[in-house]
Amino acid sequence: MFGEIYDVIVVGGGHAGAEAAAAAANMGSKTLLATMNLETIGQMSCNPAMGGIAKGQIVREIDALGGYSGIITDKSAIQFKMLNKSKGPAMWSPRAQSDRRRFSEEWRLMLERTPNVDFYQEMISGLLIENNKVVGVKTSLGIEIKSKSVVLTNGTFLNGLIHIGEKQFGGGRAGEKAATGITEQLVGIGFESGRMKTGTPPRVDGRSLDYSKMIVQPGDARPEKFSYLDTNFLTNQRDCHMTHTSEMVHDLLREGFDRSPMFNGRIKSLGPRYCPSIEDKINRFADKNSHQIFVEPEGWDTVEVYVNGFSTSLPEDVQFKALRSVVGFENVKFFRPGYAIEYDYFPPTQLKHSLETKLIDNLYFAGQINGTTGYEEAASQGLMAGINAHLKINNKEPFILKRDEAYIGVLIDDLITKGTEEPYRMFTSRAEYRTLLRQDNADLRLTPLGYELGIAKKERLIKMEEKEAKSNMFVDFFKNTSVIPEDINPILENVNSALVKQSDKMFKVFSRPKVKMEDMLKLDKVSSFVKEHNLNREVLEQTEVQVKYAGYIAKEKNNADKLQRLENVKIPSNFDYTKLKSLSYEAREKLTAIQPATISQASRISGIKPSDISVLLVFMGR
Amino acid sequence: MQTTTNDTIIALATPSGAGAIAVIRLSGPDAILLVSNYFISSFNKKLKKQKSHTILLGNIIDGDKTLDQVLVSIFKNPNSYTGENVVEISCHGSPYIQQQIIQLFLRNGCRMADAGEFTLRAFLNGKMDLSQAEAVADLISSENEASHQIAMQQMRGGFSNEIKNLRDQLLNFASLIELELDFAEEDVEFADRSAFIALVNKISVVLKGLIDSFAVGNVIKNGIPVAIVGEPNVGKSTLLNALLNEERAIVSDIAGTTRDTIEDEISIGGIGFRFIDTAGIRDTKDVVESIGIKKTFEKIEQAQVVLFLVDTKEVLSSALGVQNLVIEIEKIKNKYPLKPLLVIANKRDILSNEEMENLSSSVSNLLPISAKTGEGVDTLKNKLLEFVNTGALRNNETIVTNTRHYDSLLKALEAIQKVQFGIDEELPSDLMAIDVKDALSHLGEITGQVTNDELLGNIFANFCIGK
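If you're matching them up, the sequences are chains Z and V in order.
full-length UniProt numbering puts the first residue of the first sequence at 1, with every later residue one more than the last.
full-length UniProt numbering puts the first residue of the second sequence at 1, with every later residue one more than the last.
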């Protein structure tokens with residue numbers, strides 16, 4: 001059945017697997033996407049939304065490199081919001097509510113239209129390994145499929161165990177079988193594995209809700225989008241709603257605590273602290289008598305609704321009773337109860353920066369198997385693993401993004417350097433230089449790299465170059481054009497900024513925190529320049545950021561460059577730290593375990609002291 | 001971790017403490033330029049135009065104030081110890097002058113060198129061959145260890161609490177900002193701006209206070225007065241030399257003191273101690289000697305610590321020796337019950353163990369040392385520092401004495417002032433966070449680094465996050 005040898009086999013068709021398959025195939029690799037269910041490619045297992053703070057930036061990065069997640073989100077979005085617009089540009093974060101089924105369907109269609117992608121539906125139960133190198137996979141039917149590399153993106157499926165109250169059963173998602181075999185084989189080879197936990201809320205019938213009692217949460221009046229390509233802006237959007245829990249709801253939930261797998265010790269693994277279940281919130285923050293609940297439609301047409309903020313593994317009768325006490329949910333009907341799921345992951349310190357495992361050559365891990373959570377985190381790892389699998393089998397250097405280049409770089413470096421004890425989610429505060437890693441410049445940062453790799457098409461590069469040239473021109477215009485007090489003072493007065501006494505360069509006035517692009521556009525000279533050069537929204541946004549935050553961007557760039565010097569000092573692989581007696585015992589042990597690639601990475605390992613780094617620098621010389 | 005080599009570093013190259021002269025070394029691309037901005041040659045020569053390996057006489061000036069007359073030696077890259085531009089300033093040996101000059105350059109673009117950093121740079125610039133690597137590495141790790149310990153010791157007083165307190169508050173502040181940024185969608189309460197402003201202003205005031213304490217601190221300026229009580233030939237100068245840890249005569253007679261009380265200033269662990277020589281207090285009928293005793297008590301009165309130095313051989317040689325010794329010690333203790341007193345049994349090297357034990361059983365809290373061999377000298381130093389750190393000296397005010405700390409405080413203040421500016425200008429909080437993190441990291445140089453993980457941990461521990 002499978003005569004040929006694939007270049008890349010991707011195991012799993014979630015966000016990581018789909019991006020991995022697309023990336024490898026677009027670069028020219030013969031790729032097989034093997035999944036247990038071809039109907040659930042790109043399935044949104046949890047909330048029907050993409051993006052959010054830090055996550056939205058990641059989706060923009062994936063898109064800038066030539067991945068599909070941004071395009072698919074735009075095609076299936078039912079609502080768009082740019083979060084944090086009142087903060088600085090590093091914080092502007094795109095988020096979209098998606099039509100869950102359309103999202104999955106678009107993924108399937110995009111992959112079908114991508115040359116070089118084959119599909120096969122069956123459980124992969126093992127890997128074919130020869131001389132510490134992966135050479136294919138084995139299916140549960142016993143079929144052996146040969147390949148030069150394998151990307152594992154098993155999500156929550158490896159020995160997945162679902163908990164609802166005191167009931168527990170095997171499964172990778174509600175209604176889907178768990179996957180077995182791979183963990184056992186890898187542990188046998190010498191991999192370390194662990195268990196993690198995550199959870200999801202009930203989904204309910206929208207027709208049973210009273211929205212008049214809730215607060216409407218509409219999308220942006222002028223919605224933006226994710227892809228830098230010409231996808232459509234939303235012209236029509238669906239509303240979300242907000243309601244909240246009460247003391248009565250909390251009391252009802254507490255009644256079920258003795259039957260909660262979280263509290264009776266049945267679930268031992270760690271869940272994410274920043275995405276707690278409702279019972280966890282009540283338990284840990286007992287003094288808070290109300291929590292927000294976001295009511296999110298699952299699509300354009302469906303009546304199914306996602307109850308965001310009410311993730312729970314309490315018994316279904318307790319879930320139901322408590323939810324019926326929430327304002328607007330008095331007559332709620334359940335579609336599916338909430339549940340918690342435990343699954344296997346492999347501590348990611350066992351990986352290289354390319355996401356290839358240290359133990360087995362040409363084997364890559366991406367997504368929840370690495371202990372992360374979130375579609376965006378998974379998709380970006382899939383993209384990187386797909387790219388690097390292709391590069392490896394073509395004997396090329398791995399593609400590694402640095403911490404000051406992309407959130408994707410921060411994500412992977414954090415994972416492989418520090419590991420993670422709880423499901424890892426991206427936050428802007430994880431990036432040292434978030435002012436550089438903005439959603440408005442992901443294309444400027446990454447599209448040239450994606451183009452060089454052959455994954456971003458020429459069209460992307462041309463668009464990006466045009467945006468760059470036009471915004472530079474516009475910035476220069478502000479630098480070189482003066483404005484007289486009579487023209488600018490009414491505008492300044494309007495925003496409560498000090499008036500000017502003599503004419504000054506526009507750049508200087510525009511730099512003031514309170515002055516925005518929309519204010520500058522009131523000047524005739526500015527608006528006619530925009531018209532004359534046909535400057536679009538993205539150029540205006542980029543220009544505004546470049547003018548207003550020039551000082552901070554330059555400062556962060558400078559700091560990042562300093563770090564870069566340490567980044568350039570490479571440590572040979574398999575370096576023998578035990579012979580460096582000047583290192584502390586702890587440092588020797590940790591460095592041996594992690595095997596950092598550079599001095600800079602070594603400095604980020606917890607427990608490594610500055611003096612250890614000095615000692616290493618001495619030995620690495622210059 | 002500061003290991004970039006594009007900045008200019010400074011440190012005292014000679015051992016800290018008082019000496020005839022001290023050498024302050026700067027290394028880095030801007031070393032010559034920096035010094036030339038604060039140096040006026042006595043013969044109208046331009047420092048920047050001098051050839052490598054030349055020396056100029058002149059004054060170091062800070063505004064309109066002349067700090068010291070100095071000799072400045074220039075070594076241009078690559079022909080210097082570190083391979084970079086190096087300037088060595090030979091100034092007068094008072095710790096006060098040394099600190100004033102170092103502070104001047106820290107305020108104007110220099111960074112305090114890390115332990116072993118000159119040597120590290122020398123190595124990185126190829127001034128040493130690889131066979132010396134292990135030695136250099138050992139040196140760095142041991143010096144870091146030592147400087148860390150000293151820093152920890154110095155911090156055990158009010159200073160550490162003050163900084164830790166500030167850092168905690170700032171960490172909370174930073175967490176609140178991050179919370180506001182990363183969890184803006186969620187139901188979290190943000191602290192109000194006026195509380196932020198009050199906190200930042202308070203931090204600014206405290207930082208300024210700490211920085212001022214460094215400049216005016218009595219400890220640095222004058223040293224902690226320590227009276228050494230002992231007979232003329234008991235070994236006082238040998239002890240002082242041993243404390244100095246090197247074979248160098250002590251010459252810093254402080255002007256204005258009378259010939260019979262010679263004061264020597266020695267820096268131990270970055271803290272100045274002023275040793276005051278006194279005669280013994282042995283009972284006597286002799287008029288001249290009783291005047292001496294009176295003077296001794298005056299000096300003890302002024303001192304914050306009393307070292308009672310005993311010539312053990314002498315004491316053990318007479319029948320009443322031990323008994324008299326105990327009486328003399330009691331006399332001081334009765335007169336100054338609160339004053340820390342250390343009894344030091346000198347010449348341990350010529351004493352048998354049996355004799356030593358005999359003595360220890362009669363005199364409590366005896367510290368055996370040998371000024372000649374150096375035995376016990378470190379213990380004495382640690383005891384002296386302990387008095388400072390445990391607050392036994394009743395220097396109630398928090399005083400910053402460590403130049404590295406001073407440097408960090410200056411930079412923390414600079415960052416905090418930017419935060420204040422940001423609040424006034426309604427700067428977006430993600431940009432303000434850059435300055436807050438800057439301040440945290442500079443305070444962290446004193447108390448330990450704050451990591452992003454720590455920020456997030458703080459958030460998760462204190463706020464209910466998550467939809």
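Quick caveat, the hints were computed from the structure, so don't treat them as lab data.
Remember, it's a predicted structure, so these values are computed and weren't measured experimentally.
Hints may be right or wrong, so weigh each one.
[Stated by the list, open to error] Only pairs whose alpha carbons sit at most 25 angstroms apart, straight line, appear in this in silico SDA-like list of lysine to any residue:
#1 K579/Z with N125/V
#2 K590/Z with G444/V
#3 K501/Z with Q100/V
#4 K213/Z with F320/Z
#5 K45/V with Q100/V
#6 K514/Z with N125/V
#7 K288/Z with G444/V
#8 K514/Z with K609/Z
#9 K396/Z with Y451/Z
#10 K609/Z with S441/V
#11 K418/Z with S441/V
#12 K609/Z with A122/V
#13 K557/Z with E426/V
#14 K514/Z with S441/V
#15 K288/Z with Q100/V
#16 K418/Z with E426/V
Next on the checklist: Which constraints among the numbered hints does this structure fail? Numbers only, ascending.
Outcome noted: Numbers 3, 6, 7, 8, 14, 15, 16, in rising order.
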